[in-house]
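Asks: Listed below are the residues making up each chain.
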Amino acid sequence: MSTNVTLDKLSRQFPRSVVETHTHRGDATAIVRKDEILAICRFLRDDPELAYDFMMDLTAVDYLGKEPRFEVVYHLYSLSKNQRVRIKARVPEADCTIDSIVSIWVAADWFEREVFDLYGIIFNGHPNLKRLLLYEGFEGHPLRKDYPLKKRQPLIGPLN
Amino acid sequence: MTDSAKNLHTEQMVINMGPSHPVTHGTVKFTVTLDGETIDDLKVDIGYLHRGFEKMCENGTWEQVMPYTDRLNYVSPLINNVGYALAVEKLFGVQAPERCQYIRVIISEMARICDHFTNIAAGAMEVGAMTVFLYFVEARDLLWDLLEELCGARVTANYVRFGGVKNDLPEGFGAKTAQAFETCRKLWVDVDKLLTKNRIFIDRMRDVGTMPAQEAIAHGFTGPCLRASGVPYDVRKAQPYLVYDQMDFEVPVGETGDNFDRYLVRMEEINQSMRIVEQALARIPRGPINLDMPALRWQSKDDTYNRIEALIFHFKTVTEGVKPPAGEIYSAVEGANGELGFYLVSDGSGKPVKCRVRPPCFPLTAAMPRMMRGRLIADIVPTFDMINMIGGECDR
Amino acid sequence: MIADLTETIVKILFIFSINVGFYAPILGWVERKQSALMQDRVGANRANIFNFKIIGLFHPIADAVKVLTKEDFIPEGADKFFHTLAPFLSLTPAIVTFAVIPFGGAYELWGHPVKLVIADLNVGMLFIFAFASLSTYGVVLGGWSSNNNWSLLGGLRASAQMLSYEVAMGLTLIGVFMVYGSLRLTDIGMIQENFFRWGIFMQPLGFVLFFTCAIAENKRAPFDQPEAESELVAGYFTEYSSMKFVMFWMGEFLEIVTISGIVTTLFFGAWHLPFVTDQMLVSFFAGAGPNGAALLAMLVNVVVFFAKVSFFIWLMMTIRWTLPRFRYDQVMRLGWKMLLPLALINIFITGIVLLV
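Chains as they are written, first to last, in our numbering: chain A, 3 to 162; chain B, 14 to 409; chain C, 123 to 478.
Hints should not be assumed to be uniformly reliable.
Cβ-to-Cβ under 7 Å is the rule here; a few derived chain B residues that face chain C [as the list claims (entries may be wrong)]: (1) Val36; (2) Glu50; (3) Glu139; (4) Gly141; (5) Ile213; (6) Asp216; (7) Arg217; (8) Pro225; (9) Ala391.
Example chain A residues on the side facing chain B (calculated, C-beta under 7 Å, incomplete) [what the hints assert, rightly or not]: (10) Thr61; (11) Ser80; (12) Pro144; (13) Leu157.
Okay, the calculated bits of chain B under chain A, using three or more residues with CB under 8 Å as the criterion [unchecked claim]: (14) 56–68; (15) 336–342; (16) 350–362.
Keep in mind that the hints were calculated from the coordinates and are not lab data. The beta-carbon is built from N, C-alpha and C at its ideal position, and this holds for glycine as well.
Here chain A stands alone, though its shape is the one from the complex (with noise of 0.2 Å):
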């Protein structure tokens, strides 16, 4: 039951794509289906009431045993509204994929590489998608809630 303008316009814009949209502490978040990301963020940037130009953050979370297993979590900002949102597109274990946002927002690029980085979540459509924290060679994805935390990782020579 939020008055939010963000999220109204957005639950009446993509009806069947927006699962739920709350507002706590102030944060107003839409949590969304991952299949309609690209068309919801190409929305909130180019919308004239809207105009989210800053795509701020780019995080994913890991709720180990609920299914969907991951939330990619976008934090936008509205240079001229002043605003914030909060947009979480679930990932489900099975399908860990979610289409890439680059080519709304170039910043997203790096962000987008460290989640795949260190979630192993596969963001389609990214120009370059590698490791970017990580060496070329690291098994596993360490921020996984199931990744051990003392894992010890076999030590690799120099790559060329």
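Got chain A; can you put chains B and C on it based on the hints?
Replies: Okay, now just chains B and C, sitting in the frame of chain A:
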């Protein structure tokens, strides 16, 4: 191009700048493909300082995260402290007492001044002006002395607590600050004389690493680098936190978004931050510095040994950690490099489910290839400096 | 014959001990102290012998011990011969060029005429140019033979920069030679006995241009692109260690001395005090007998000369610790588009003035 030049056999040279190279003072690696001195392609390779910040946070209690935040942007650790404490307080839905908010403003701004001092100093040193470096490092040291007196550490402060701060301002802090600022201003003027109208310095910085406003926004720039492009976005003004709405300060903006504008914006922000500190010190009210909420804070040793309730709370908070209600929040403060955001998810237990930091220099570093393609190899130096990539924050 | 030989050997020993024995080691200390003074620091003051520190003057000794005991390292894939040859090519010209710079006037001792210059060549300035160009080889070879990308870039930058600035420097000096009508440095020194004929008054623009070009030739900040530590690690001597590194380093310091010597000789009255002619000096000391007067005058002149040299050394140090460094293309632009035309204008104006 003449035919002979076309037929001349040339090849590109690939060099690795870093991870241990004088310019990469945050352990980062540039793989530069050079055509002569011109950069054809530049790949940034980060992660050399990755310590698994988020994994550590998820395995510690909420309080145990506080010292980790010191090690994010280790040039301005106090802003990280404040940002994290504000985020947790937002999760709880509480606000620190007014005196504490003033103290937090003071230390945030001091940390910002230190950060800008360091950044300009390092930038000048890398383009060859070693003297400037030592001038500003001296100024920074004066402020670090103050902070050391305040919280006992120069770099790893760990000063802020949930709902308060560790201790009150020491005796005579205001007078000492005024004294230190006087020297800092003198050094500031010296550096201004040495750099701002120095033709060589201007030549090195002007029109290098230019980012037009639209592109800067698309790349997720925040902080001085965004403001240099002419976008007056500052979290302190846009969504005032603490008592910033009662402070009188300007947000300097640049015009072209090149390195020289970034330098000018930082120089002016040092002045504005000093103004804020002076105002805050003049207006700081008396009163408690901690919320009277035993479930939120560590009890003082005095209370722990003398009051049974305090002892119980001490036991609970130490063994289980404070327990914010379930929920998720995003809270942003203006870090020295830009928007420093914390995205916290709590399930009501003593440990965070997710403790995500939005590092301001992360998107800035990501834009390096965009800014450097087609430029000269020497341009990497001032640009990378003005980006102010801090390894601890970028790699976490 | 024997007297001439002895005289030359004494002069060589004197210059050698002044340059290699005094200036080269002491300049490292001067540079540290000078930068420390400018930067509100204490500077080098740790090296001590039995707890005697004398303002850090033992540092050159400590440095010498350090570099002599370090491993002399030749990187894998380097061209050993050229890698070893390069530092020699860099140091030798710096030492040799001082041969033609007069550090005093002409005197008569016990009936034997003495000129305080090792080799009084009639093409003195050309000799200096010839040897200055030789030192380019040292730098380029060092950069190329190290088998290191940074060295290579440094060497390439150095060669381009030194060649470009030699052109402007040469053209600048043409103005000086037009005024004095000689390439022989002792002649130029003699003419400047008259204070109003000092080079700085005859060729003020020439002095600025020459000094700029000389710093660029010497590859010191703000013209230190070949070794720009933030870009190229250490440029052409990245892969040098031990004594070979010191030879580059000494070469640089001796070049500073040489440049200061040339500037003093060409523009600042060589060994003369303002308004004091050689004759006046000798007659001032007349009480010491003819030989004693000549010796004392010689002493004054030599001290005056080296005091002036030291001043310009200090000036170069100050500039080095004040200014940031140019970008490579800016250096080239400055050389070809600013200094070169200015040098030509200087010649042009000098010509007109001389004709009129």
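Asks: Mind listing which of the numbered hints don't hold for this structure, in increasing order?
Replies: The structure breaks hints 8, 11 and 13; every other hint is satisfied.
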